[in-house]
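Asker: Position chains X and P against the provided structure of chain W, taking the given hints into account.
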Amino acid sequence: MKQTIGLLTKYFGDSVAVEPGLRGETFIKLKDESRIREAMELLRDNGFSMLIDLTAVHYPKREHEFELIYNMLAMEPLLRLIVKLPLKGEKPEVESVSSVFKTANWYEREVYDMFGVRFKNHPNLKRILMWENYEGHPLRKEFPLEGDNLHCYD
Amino acid sequence: MGIETALGNTILTTQLSKLVNWARKYSLWPMPFGTACCAIEFMSMQASHFDLSRFGAEAMRFSPRQSDMMMVMGTVTRKMVPVLRKIYAQMAEPKWVIAVGACTCSGGFFRSYAVQQGIDRILPVDVYVNGCPPRPENMIRGVMEIQKLVEQESLIDRKKRITAFYEELEKMNYETDYRPADKILR
Amino acid sequence: MTDIKKEIDIKTDRMIVNMGPSHPVTHGTLHIVLELEGETIEASHTNIGYLHRGVEKLGEYRTYQKFIPFTDRLNYTSSINNNVGYTLAVEKLLGIQSPPRAQVLEVIACELGRIADHIVCVGINAVDIGAFTAFLYIFKYRELIYDIFSRMCGARLTTSYTRIGGVSRDLDDETIRMIRDFLTRFPSAIDELEALLTKNRIFYDRTRGIGEFSLENAIQYGYTGPCLRAAGLEWDLRKKMPYLGYENYEFEVPTGTRGDVYDRYLVRVEEMRQSVRILEQAIENIPEGPVIIQDHKIALPQKEDVYNTIEGLVSHMKLVMEGVQAPAGEIYCATEAANGELGFYIVSDGGTKPYRIRVRPPCFPIFSSFDEQVQGHMVADAVSILGSLNIIAGELDR
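Residue numbers (the numbering used here), protein chains in the order written: chain W, 1 to 154; chain X, 1001 to 1186; chain P, 2001 to 2398.
Same shape as in the complex, but just chain W (with noise of 0.2 Å):
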């Protein structure tokens, strides 16, 4: 873990950030929002082969509104690393990661559709879970649990 972190210091200097987790978890915040896949890449090609997750947390009261979640896992040895991307703004956009993890194809998409954080160069932004026309992104804080509106789909 030591050595990962230490790799991406080297790579990207200031703009990482490592913060204790509550129970031993690691956590890895990359300021640079433009430098996310690169750090994938690198991150891939330093063992930890699989994205497990991707989601994101809204914070509406902070300056960055969206906190995106990369949960990595490394096979040999097991280790897990979550980094996380903190995103400016109402309807922020940030690269793609799909190219790199072909898994990370659905999972934005999951996100796009329920936060409305859009992804750069993604195949296929399109909503997955509510369908093409609904109006609102239904896990931002400020969407009632309810929804505002009854349209159904069509």
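Some hints here could point you the wrong way.
[To be verified] Which stretches of chain W does chain P cover? Using the computed rule of at least three CB atoms under 8 Å from a CB of chain P, they are:
| hint | stretch |
| --- | --- |
| 1 | 10-24 |
| 2 | 42-51 |
| 3 | 76-84 |
| 4 | 94-108 |
| 5 | 120-131 |
| 6 | 135-145 |
[Claimed, not checked] Think about it this way: if two alpha-carbon atoms lie no more than 25 Å apart in a straight line, the pair counts; the simulated DSS-like pairs of lysine-lysine are:
| hint | chain 1 | residue 1 | chain 2 | residue 2 |
| --- | --- | --- | --- | --- |
| 7 | W | Lys-141 | P | Lys-2240 |
| 8 | P | Lys-2066 | W | Lys-141 |
| 9 | P | Lys-2092 | W | Lys-29 |
| 10 | P | Lys-2353 | W | Lys-84 |
| 11 | W | Lys-84 | W | Lys-120 |
| 12 | P | Lys-2092 | W | Lys-2 |
In short, the hints are calculated from the structure, not lab data. Think of the CB as a built atom: it goes at the ideal place given N, C-alpha and C, for glycine as much as any other residue.
Answerer: Same frame as chain W, but now just chains X and P:
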């Protein structure tokens, strides 16, 4: 060996609808519209242990055009509503609907933006089966209720009832009767 | 073939075949559009979300205990594994551990759940291919598992067995007898299933070489569980990252070689055998003691205390009305569910409700590879591939 050996070559007098209904009762062809957990219990109901075929309703047809009893099992989401409507429309008359499980009857505990809160605003439901998910015995009871209904209700009455249902649906004011927002949960 | 086509100049259009959302083999609610050239699948487009119920959003509005029933409905063929996975995640967040007896009971529950899940997957996969008998034979044993679950927690399918810091009820002697009885009867049932399917020529022809998926591709797509093992990697979180004391049990992790439908079937069947092995060891060594931790800020006190002492009543009321106070922070906890890695990512802001709860469903990434997997196969093969992936719409769409 057959009813005619017992009665001989006789003539029976009865209402036509009663005779037809009696025959129809034991040859229901279910169309399982299973979406979620209840469909797993439906599998149990159909498989060897509970065995739905004891009630003459084991001939599952996944094509709506070949079946006359629709069993809606599991959560119906808003995305699924048009599909459900379409499949119901494809079924040949006469047709019956069972709403199996809490989600189908009322939305269950999925009171969220994506879930249709009960299918009785979409289809004329004949029998509601409670439980989350209902035990197979309970589902079988639902089928038996349908059989009772088939036997007792003539199709003329049924037609009137369903027309009344759709008229009611037309009259419903979507602004007031159908409001999703419930402030308590927020 | 192409020459003949050129000679007589057949003009063929691609045929579009729609599967789902209500289709007998879609196992729930999936929508697949296949583009066919003759019988061969040229392209496939999947459309999911027909069972999206907003579970993650609902979780943000409920206390930690109240989310347990929602986990039942994620993978509803083995709800009990989801219960265990979720409570382990909350326990990790709180920094507690359930007592030893509860851990063994959770292992028993997990392995029974795994068997129940594999029975559905293998049985239904066989039905889709045309072997109905195997389904009827093996499903009888699922009913036995359901009977055990009913005695353990009062429900057949929606178990909600675990609590934060333990399990809801203790096992009684009758349940243990039932589990022992099940363990003596079940191995012969697996033999029966294998006699019906494994060397069945039709089954073999319809599954061997179908949906072959290389290991590199599987890792790229984020495969976990039986599908990854069938592709040839010995990867099981129970071995690699033991939780609940799995390191104390002897069992093997089966792997396949080609990663096709047949291998997945074999891996699942062998896993059922290994689960029986784990169960046999677990049932003999259940330690004595409580089944839930005695901290009344986290677990409900005994009913006698609630009715007879004021402390018990107050802590019961506080726990029910307010819920468990969790420290602020973020954790990820993964368990090996029947389908693969089931993870929960919980973001807590220090309150009694999660700020964000994310379910990492095992079959979401697996299903995303479906389009690539069916290319070049026949339509009928798409059915058997879909069955072997064991897609459960509840956890796919959440």
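Asker: What's the verdict on P/Lys-2066 and W/Lys-141, does the C-alpha distance respect the 25 Å limit or exceed it?
Answerer: The given pair, whose Cα atoms are some 20 Å apart, holds under the 25 Å limit.
Asker: Within the assertion that chain P covers the stretch 120-131 of chain W, do at least three residues meet a Cβ-to-Cβ distance smaller than 8 Å?
Answerer: With 5 residues in contact (Cβ-Cβ under 8 Å with chain P), the coverage given for the stretch 120-131 of chain W holds.
Asker: Just to make sure I understand the rule, a stretch counts as covered if three or more of its residues have a C-beta closer than 8 Å to a C-beta of the chain. Does the stretch 42-51 of chain W meet that for chain P?
Answerer: holds (count 3)
Asker: Can you tell me if the stretch 135-145 of chain W counts as covered by chain P, using C-beta to C-beta distances under 8 Å and a minimum of three residues?
Answerer: holds (count 4)
Asker: The stretch 10-24 of chain W covered by chain P? Criterion: 3 or more residues, Cβ-Cβ distance below 8 Å.
Answerer: holds (count 3)
Asker: Given the hint that W/Lys-141 pairs with P/Lys-2240, does the C-alpha gap stay at or below 25 Å?
Answerer: violated (37 Å)
Asker: If you draw a straight line from the CA of P/Lys-2353 to the CA of W/Lys-84, is it 25 Å or shorter?
Answerer: holds (22 Å)
Asker: Holds or violated: P/Lys-2092 with W/Lys-29, Cα cutoff 25 Å?
Answerer: Status holds; Cα separation ~22 Å.
Asker: Compare the distance between the alpha carbons of W/Lys-84 and W/Lys-120 with 25 Å, and conclude whether the hinted pair is satisfied.
Answerer: holds (18 Å)
Asker: Would you mind confirming whether the straight-line C-alpha gap from P/Lys-2092 to W/Lys-2 stays at or under 25 Å?
Answerer: holds (23 Å)
Asker: The stretch 94-108 of chain W covered by chain P? Criterion: 3 or more residues, Cβ-Cβ distance below 8 Å.
Answerer: holds (count 6)
Asker: If you count the residues of the stretch 76-84 of chain W with a beta-carbon closer than 8 Å to a beta-carbon of chain P, do you get 3 or more?
Answerer: holds (count 3)
Hint 7 from the earlier list is the only one contradicted by this structure; the remaining hints agree with it.
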